[in-house]
Amino acid sequence: MKLRFPDSVVFREEPEGGILFDVDTGDMRFVEGVAVGICSLIEGGMTRDGILSELATRYPAIPPGTLETDLDAFLDDLDRSSMLRRI
Amino acid sequence: MRSWMTSTAPRCSGASEFAAPAAPRSASLLLTGRCNLSCPHCTVSSSGPLGGDIDSAAWLGILDTLASRHVLHLTLSGGEPFAREDFPEIAAGARARPFRMGVNTNATLVGRAEASLLAGLRPRLSRVMVSLDGDGPLLHDRIRGGGAFDAMLSGVEALRGAGIVPGFCCTVTSINASRLEEIVRLALDKGAWVILNPFVRSGPCLPGELELDRDLLRDSARLAFDLSRSTGGRVRGPLVEMEEAARAAKAGTAPARRGPGHSCGGLVNSMTILPDGSVAPCDHMTSLRVGSLISGTLDQALSSEGARRFRARVEAPLEECGECLGCGYLPVCPGGCPVIPWAVEGPLGPDPLSCLRRYLDD
Chain A
1 MKLRFPDSVV FREEPEGGIL FDVDTGDMRF VEGVAVGICS LIEGGMTRDG ILSELATRYP
61 AIPPGTLETD LDAFLDDLDR SSMLRRI
Chain B
88 MRSWMTSTAP RCSGASEFAA PAAPRSASLL LTGRCNLSCP HCTVSSSGPL GGDIDSAAWL
148 GILDTLASRH VLHLTLSGGE PFAREDFPEI AAGARARPFR MGVNTNATLV GRAEASLLAG
208 LRPRLSRVMV SLDGDGPLLH DRIRGGGAFD AMLSGVEALR GAGIVPGFCC TVTSINASRL
268 EEIVRLALDK GAWVILNPFV RSGPCLPGEL ELDRDLLRDS ARLAFDLSRS TGGRVRGPLV
328 EMEEAARAAK AGTAPARRGP GHSCGGLVNS MTILPDGSVA PCDHMTSLRV GSLISGTLDQ
388 ALSSEGARRF RARVEAPLEE CGECLGCGYL PVCPGGCPVI PWAVEGPLGP DPLSCLRRYL
448 DD
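These protein sequence lines are chains A and B, in that order.
Residue 17 in my numbering is what sits at position 17 of the first sequence, and the numbering runs on without skipping anything.
Take any residue in the second sequence, count from 1 to its spot, add 87: that is its number in my numbering.
The hints are simulated quantities; they were obtained by calculation from the structure and are not laboratory data.
Take the hints with a grain of salt, since some may be wrong.
[Stated by the list, open to error] One side only, chain B facing chain A, incomplete, derived with CB under 10 angstroms:
(1) 92
(2) 110
(3) 154
(4) 156
(5) 157
(6) 160
(7) 187
(8) 207
(9) 213
(10) 216
(11) 301
(12) 398
(13) 446
(14) 447
[Unchecked claim] On the chain B side, residues computed to face chain A include the following (Cβ under 7 angstroms):
(15) 108
(16) 129
(17) 159
(18) 183
(19) 444
Each residue gets a CB set at the ideal place from its N, CA and C atoms; glycine is no exception.
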C-alpha cells in the first residue's frame with residue numbers, strides 16, 4: 001500500500017522535529033523523534049511495508065509486533081487528521 | 088504512541104539531515120516597491136527606493152524555490168501588490184503551489200475583478216489585510232492622500248461582496264493616536280479584526296514627528312488593551328501586547344525571558360523577499376540585504392556573512408548593552424524588535440517601543 005501526504009499537506013523538518021501543515025485549512029501538527037523519520041519516508045514515496053522493514057532494521061530491539069502496531073497507530077492517527085492518503 | 092516512537096535517535100535512513108539551514112516557515116513577498124499612495128509612515132520606503140521589480144517569471148521561480156524548501160506561509164505585499172499589472176499571474180502561481188497565503192493591500196485599487204481574484208485564492212488565502220489610518224476622509228486622507236478613504240471603503244465593499252471579510256492594520260502615529268478608538272470602531276464595523284502597530288521609524292527616510300512619545304505610547308497601548316478585552320480579542324498587535332506585558336510584569340506573572348537577546352525571528356522564522364529578489368530579515372529592514380534569489384540561492388543568503396552577523400547581533404545577551412545592564416525587568420524582558428536600535432553601533436540597545444522600563448517607570 002502506497003502512502004502519501006495530500007497535495008495540501010506540507011511536511012517540513014526543523015531542528016526540533018517536524019511539522020505537518022495543511023495549507024488549505026491551516027491545521028498544523030508537530031511530530032518528533034522517529035515520527036519525523038517516518039514522515040520523511042512517506043514523503044520519499046515508501047510503502048507502509050517498506051517503512052516497517054526500515055524500522056525493523058533500525059530498531060532490532062523492538063519486537064516486530066510492537067513496531068507494526070505502533071506504526072499503524074501513527075498512520076491511522078494521520079489518516080484521521082486528514083494528513084495521509086493510502087493508495 | 089510508544090516511547091520508542093518519540094526517541095530522537097537514530098533516525099530512519101532516508102530522513103534528510105540539515106546540511107543547509109532550514110528555511111523560515113513564512114516569507115513576506117514585497118512584489119513591488121510601487122504604490123499608488125505615498126504614505127509618510129510607509130516602512131518599506133524607510134531607507135529609500137527598493138529598486139526595480141523583477142518580472143513575474145522570476146517571481147514564479149522564487150515561488151518554486153520557497154516551495155522546494157517547504158516554506159509554509161506567504162504574505163503577498165508591496166508597495167501595493169495591485170500596482171503590478173501581473174499580480175494575478177503571480178497570485179495564481181502562489182495558489183498553485185503549497186502555500187497558505189495572506190495579502191496586504193491599501194484596497195484602493197480593489198474592484199469587483201480584484202476581489203474575485205482574491206476570492207479565487209481560497210481556501211489557501213487565510214487573510215486579506217487592509218491599511219487603515221483614519222476613521223474618516225479627513226484623517227485617513229491627510230495621511231494617505233486625497234480620495235484614499237472613499238477608494239479604500241469601496242475596495243472593502245468589493246471584498247465583502249466577494250465573500251471576503253478583511254482585517255485591518257492601523258499604524259498608530261502622533262497624527263492619528265487621538266482617534267484610535269474611532270478607527271477601531273470603524274475597522275470592526277467593516278472587518279473581522281484590526282492590528283494596531285505603533286509607528287516604527289525604521290529608517291532615515293521616515294519623519295521623526297510621527298513617532299509616539301512615551302505618554303502617547305502608553306495611552307495608546309492601554310486603550311488598545313481595553314478595546315481588545317471588550318471586543319473578544321478582535322483588536323490585536325504590538326500595542327495590545329505591550330500593555331499585556333506591562334501588566335504581567337507589574338503583577339509578577341510575566342513569563343521568563345525565552346532567549347538571550349531581541350525577540351526577532353528574522354531569517355529564522357520569517358524573511359522578506361524584496362521586489363528585486365533580494366532577501367532581508369523583515370519588511371522593516373529592507374536596507375539589510377543578506378543575499379539574492381536571482382543572483383544566488385536561498386541557502387547562500389541564509390548562511391551568508393550578513394545573515395550570520397544579523398543573527399549574532401540580535402541574539403546577543405541584552406546584558407551586553409549598557410542601557411539594559413542591571414535593569415530590573417531583564418528576567419521578563421520580551422526582547423523587542425531590533426530595528427530601531429539597529430542603526431546604533433555596538434551591542435543592540437532596547438527597543439523603545441517594547442522596553443518595560445521605559446514604559447513603566449516614571
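Numbers of the earlier hints that this structure fails to satisfy, in rising order: 8, 10, 11, 12, 13, 14, 15, 16, 18 and 19
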